[in-house]
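Asker: Here is how the chains run, residue by residue.
Protein chains: 2
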Amino acid sequence: MSSATGAKREAEPPMPTGRPRDPEVEKRVLNAVFALLTEKGYSGLRIDDVARVSGAAKTTIYRRWSSLPHLVVDTIAASMGNRDFAATDDPVADLRRVCVMLVESINADSLAAALDVHRQPEEELRTRYRQRIIEPPRKLLVDTLLRAKDAGLLRSRVAPTDLADLLIGGAIYRLAILHTPVDAAQIDAVIDEIVVAGPPAATVDGVQ
Amino acid sequence: MSSATGAKREAEPPMPTGRPRDPEVEKRVLNAVFALLTEKGYSGLRIDDVARVSGAAKTTIYRRWSSLPHLVVDTIAASMGNRDFAATDDPVADLRRVCVMLVESINADSLAAALDVHRQPEEELRTRYRQRIIEPPRKLLVDTLLRAKDAGLLRSRVAPTDLADLLIGGAIYRLAILHTPVDAAQIDAVIDEIVVAGPPAATVDGVQ
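Protein sequence lines, in the order shown, are assigned to chains A and B.
Counting from 175, one number per residue, gives the positions in the first sequence under the working numbering.
Counting from 175, one number per residue, gives the positions in the second sequence under the working numbering.
Note that these hints are calculated values from the structure, not bench results.
Check the hints yourself; a few may be wrong.
Identical chains blur together in the list; that is why a pair holds if it fits in one copy or across any two.
[What the hints assert, rightly or not] For lysine to aspartate or glutamate, the following DMTMM-like pairs were computed, each having C-alpha atoms within a straight-line distance of at most 20 Å:
#1 K323 <-> D263
#2 K214 <-> D324
#3 K232 <-> D357
#4 K232 <-> D283
#5 K323 <-> D336
#6 K214 <-> D366
#7 K313 <-> D258
#8 K201 <-> D324
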């Protein structure tokens, strides 16, 4: 959440007096929305309840979030934690790190709220959710696969976008539907299969 | 649905009089439940509404389905159509057919109802849903992958259960979340990658 809501305020000095926008209030509001989403779902979410549970004034909430879709998508993004990623010059190592980050960013409670969003017909909500929650990690994964491909390190002949959808879909299915999250060994096994193998064991000095 | 609800009555002769259990009534009830699930979700489903929309008496509904979870899981199963599968002695061809069947059996409306079920805490519902909707096609796919493996036709070294979860999860993600269903060429590309290649083109008579 910090990266999403804190960027604009980084350069500001501490303000000992007056009424600065309070990150603690934002956090309380997002926590309240998350609890209400989990309990009642999107269609049962009321701004009055958000104000009551968070203790924030409705005017404060509306000043920060212009609509319920903004508020809900920010809430789900915050629940997924930091998804920033710094690429290195080793696309295969990056691929493992991206996959681990994706698996760690989805958790059962966030997914329940996310699955609820996917049932809603509201266009603004779907569009914001897609732009903010779905596309950035998906693009990161596709780009990393393309970097591996450009470096001649991708063994798989499946299109990188289709590979990314298999990986993301598999992780979501395992957590949200089967309730047995993917583990590190399973991530490694899948990545070992789609990237070019290292030198055969016999050619490595001193190792059979 | 026919295979699930009609099996017991196959041997019975037509009954011109009396009050036989009417498959048309069952179908009307399942259609009503499906429409209500889509509109209101599981938590908004009321047996009174099912009776009103379907025109069936509540006693009729309770005689056929002992609980709401039974009724809802039967409804979702019916919306997915026939998922019976007859294996042949060609596990690779079977693998393609199973994957095509899986992709065809999930559709946007069924998935919306299914995603709603996954949000419910009700244990009976989750258990029935898993036994009836999730596990049979998953087991079929795993078994087919194992048959290909036993025949020496599986190139992939990823565990068959993990492969199955990638394939199913990828298909669900593409339809339910990205709204761009997997197409036949994409299924073929993925299966070509996980199974052993046919003979190289140069060794086939008359073909370069």
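Asker: Would you mind marking each hint as holding or not holding in the structure?
Answerer: Structure-based check of all given hints:
no., hint, in the structure
1, K323 <-> D263, "within (13 Å within a copy, 37 Å between copies)"
2, K214 <-> D324, "neither (47 Å within a copy, 48 Å between copies)"
3, K232 <-> D357, "neither (42 Å within a copy, 47 Å between copies)"
4, K232 <-> D283, "neither (25 Å within a copy, 36 Å between copies)"
5, K323 <-> D336, "within (14 Å within a copy, 24 Å between copies)"
6, K214 <-> D366, "neither (42 Å within a copy, 45 Å between copies)"
7, K313 <-> D258, "within (12 Å within a copy, 37 Å between copies)"
8, K201 <-> D324, "neither (42 Å within a copy, 54 Å between copies)"
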